[in-house]
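Asks: Since each chain comes alone in its own frame, lean on the hints to assemble the complex.
Take a look at the letters that make up each chain.
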Amino acid sequence: MLDADVEVDRRSFAVRARLSVGPGERVALFGPSGAGKTTVLEALAGLVPIRRGSVSLGSRCLDGVPPWRRRIGLLRQDPGLFPHLSVRDNLLYGASSDASLGPIAAELGIDGLLGAMPARLSGGQAHRVALGRLLLAHCDALLLDEPYSGLDAGLRRTLTALVVSLVVERSVPAVLVAHELADAQAFADRLLVLDGGSVLQSGSPSSVVLRPASRRVASLVGYLGFVATDSGVAGVHPERVVPGAHASRGLVLSGVVSALRPAGAGWEADLRVGDLRVGDLRVGDLRVGDLRVGDALVTCRLPERPPGTEIEVTVLDPPYFGPDGAAVFSDFSDFSERRRLDR
Amino acid sequence: MAPNAPIAPGQRQAGYEGLPRARSASAWVSVGGALVVWAALLGPVITLIAHLSWGTFWSSLSAPGALDPLVTSVESGLVTLLVLVACGTPLGYLMARGALPFPRVWETGVLCSLLLPPLVIGLLLVFMVGPYTWIGSLLNWFHQTATNTFLALVIAEVYESAPYYVLGAQAAFAGVEPRLEQQAALLGDPPRRVFRRVTLPLAAPGLAMSLAVAWARAMGAFGAVVIIAYHPAGIPLQIFTTLQETGLPSALPFALVLLVVALPLPLFAYIWSARAGRRRRG
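Protein chains in written order, with the numbering used here: chain A, 1 to 343; chain B, 1 to 282.
Extracted from the complex, chain B is given alone in its bound form (with noise of 0.2 Å):
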């Protein structure tokens, strides 16, 4: 056909057939490459289902006091969460605002919790919260002691999981409009009010997606435990104790159970973090 021939009705021009060819082929490279991604991240816990075998894990769970460990794990990480809550959203909204002298300096204290290795954090949690320290002289007058009690076990979880929900509370926060709280005060409500039903609501997406990867580091948290709180053992030290006594097949059932025991709470943030923002969408 000539360059400048008329174009028939329902005839399309050669040039325009390319362009959506071209796209519909980028489209399915980047499903690809998604997919690809998808698969390697997920890889491992494919592996652990492949190699499990279903004997090994009905003994292994049914042996008397298998599932202890578990219940540290989530004891431990519930009451963690509460710390967390009670103490890290305060912190988070009072960074967000600028609330706080040398915001800068809070800043970094919190990076630095996170930046530090955990198994680092564990060494220094002993020099810090130890029996011989003044904070264990303190504790042990209540009758408490921090090394290889429940009580470390959460002090360990708390700083390992800590800077990930007040970073997250922080961000959750600072994405909260303050004029909407402004404007919310003009209508009548005093600062507590505003918070309750302005600013936590929305922020509340970003605080529960915060608070699920904190869920997930604190159930996960090995190396600052494996030095404060060696007992009583949660899922990652029984993991790591039946590896080093019977070997690997034995440690993979309590590696299932503790991906089956940490999975649903983030997975519930999530799809309810997407379920709001879809409402607000309408």
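In isolation and in its complexed conformation, chain A is listed as follows (with noise of 0.2 Å):
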């Protein structure tokens, strides 16, 4: 188990997180770059100095420890390999014993290159030698930087792939950071939301994209537009929009379509809703009330290319924020008994 809770001064402001991450568990501290991620991975690693609070890694307390006495792997975007060392040697640089070495490189499909000089391996094949690094030195956490920034898309699945089954396989903590939610979401199980170096949410990564705590973790997971409401500010995310109206699944909205691009396999379009359009929220066959809706611009995916410049869509269950940009209510069966006690 690794348990933090640290503090640690930046430049421009200081930096505050509390994580407990459990043997096998796999943690993903997501936000903007700028917001202090890589600071905490650094203070986990104790290449940082804390400020306040303390890190524990099993029994071990780590307050003081330095980076080479924590057993605490971390991997990079670079993955760091020494260029004046063999493949065979940079893997057995932290191993106490070779015993494992066979082993390991066969399970990364690294065994081909183990006579290999750095300089010669594809960016693909130098992770796999960082990763299998960590493991033949015997981390009891893993930390991950951004590893795979930069790397192609599939690369990265597979990457992914085999480092969540390690990390299980071995019953390891594992924190990631990243700034993609895409990369959080396919490697994490739990997902802390940092901004400004302060955690804004905790939680599944489902619970973080469908509930988002506050309007400014809503824009930082994707909701690029925000509906002005009765019931408060309703977020939309391109990838919750459905074409046509179904009231029973969430607002509907109707507006003009401003600009249209091709992405992906669909489309995505800009949608001007205006200030007089009226939607229609609904919870399941109860019909909740009418809604204005305000001026606002929001952006969808639509899988067909809209017929015409004046559509309807519907926004999948959406999150609603007061004034103050907190959530307003957690969920439907939580505003529909708000709404009937306000009767």
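Just so you know, the hints here were simulated from the structure itself, not pulled from any lab data.
We put the CB at the ideal spot given by N, CA and C, even for glycine.
Any given hint could be a false lead.
Partial list, derived from the structure: chain B residues whose beta carbon lies under 7 Å from chain A [claimed, not checked]: (1) LEU186; (2) ASP189; (3) PRO201.
Replies: Written as structure tokens, this is what we have:
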């Protein structure tokens, strides 16, 4: 179990984070560039001094313990292979014996590269070697700092799956830093959203994405449009929009397509929602009420090119936010309960 | 052929034929230019060999005590290298890592000794370590003196060659990615072992080249030496005195000896650095 409650001074702000990662558990620190994610990892690894707090790994308290005695592995975007050592020597760098070299090299698919120099390796091979080096060094925890940025999508998926299986198999706590939500979702079973040095929300990836705790979290996890309604501001995620009016499934919006562009296998449309449009919010068969929709520009992904410029779309189960930016209610049952009491 | 006429298989379009020719011409011009520069740099050596009379060569070197300056130069040069490695390497490392307070002050200090003419360094050394200074008194307490002794020769050579080694070492260490050192530490190595296993091997080619340059400077040190260490004479001073006493032809054999003795280490360092680079590239 990796437990940390750290506060680290940075030039412009202090980074505060509290996390607890169990054996085999995978946590992702997600946030924009400069949020303090890497600082948290470096504090866990002992590379930066912490102002307040403590870090423990299993039964070991790591306060004041230098990096070389922590047994925490760190994998960065740059695999950090030693260029003067062969792949074999890199793998064995922190290992106490070479007994596990063969099996781990075979498992990682690098057993044919042991005699090669790092300069000859491709990006994916170099990351596999770096991962193997951490495994052979018997690290008790694994930290990954955006390790696969710059690699193509297929290779990222393969390497992420490989790391996940190794973390689970060896029961080591793992923390990933990511600024791409997809990377964090593919890796983690728990997500911490970090911004401006503070953890804004923690939870399962799906709960954070579908029920962001604040408008700021919503914008970080991909909500590109916010529509003012009578009940607060509804967050519109481009991938949570379906064409047509399906009042039972969420918020129905009518608007004019102001821009349209191909996106992946479908289309991405910028929809101008007028101030006088009226939406209809339902929970199941229950009609909860009419909603006045404010003027807004929302982006939505559609499977097919819309037939005209005026279209109707349904935002599936959108989160709502109050004037202070905090989520107004956590789910629809909560909302309907509140409306019932109001009456 | 008409401009839009189809091109038959194996036939090359006129526009493309000119390009390789132009490239080839520019390549030859480059090689020619490089050859001229190389020949100009090597000119003195070629002249030395061309003007050397082998009879004079043997008679000069077979005279009693003729090779003593060579032994003195090699010995003082080796001691100088030891001093530079022991003191200059940590200084270069600390400067490269920005671990010293007011780093620009340290760099300026090293640059000052590089910019001062060797003759001026010699003059200043007399005022610094001469017999009537407090350092001189301290040395005297150990029955040593820093003028006209082997110690004086080493001091002069150290002052003349140290900036080349320290600045070269700084550049060599600065070229080692600090994240590699961090990675080695995270893999369980304490700082000293990181230095031995990662930092030093990665900086070694640069350090070797710096040491080679420093060796060449030490072997050829004259300006400071002639002021502070006239005795025991090394080869540069021997060349100077022979030139003054018996003329140019008698001095040439010692110039060749200096070249032959000073050249192998830099050459070895260059070849070794190149091989280390090739090995890293796989």
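Asks: Please go over all the hints and tell whether each is borne out by the structure.
Replies: These are the hints, each one checked on the structure:
{"no.": "1", "hint": "LEU186", "result": "holds, 5 Å"}
{"no.": "2", "hint": "ASP189", "result": "holds, 6 Å"}
{"no.": "3", "hint": "PRO201", "result": "holds, 5 Å"}
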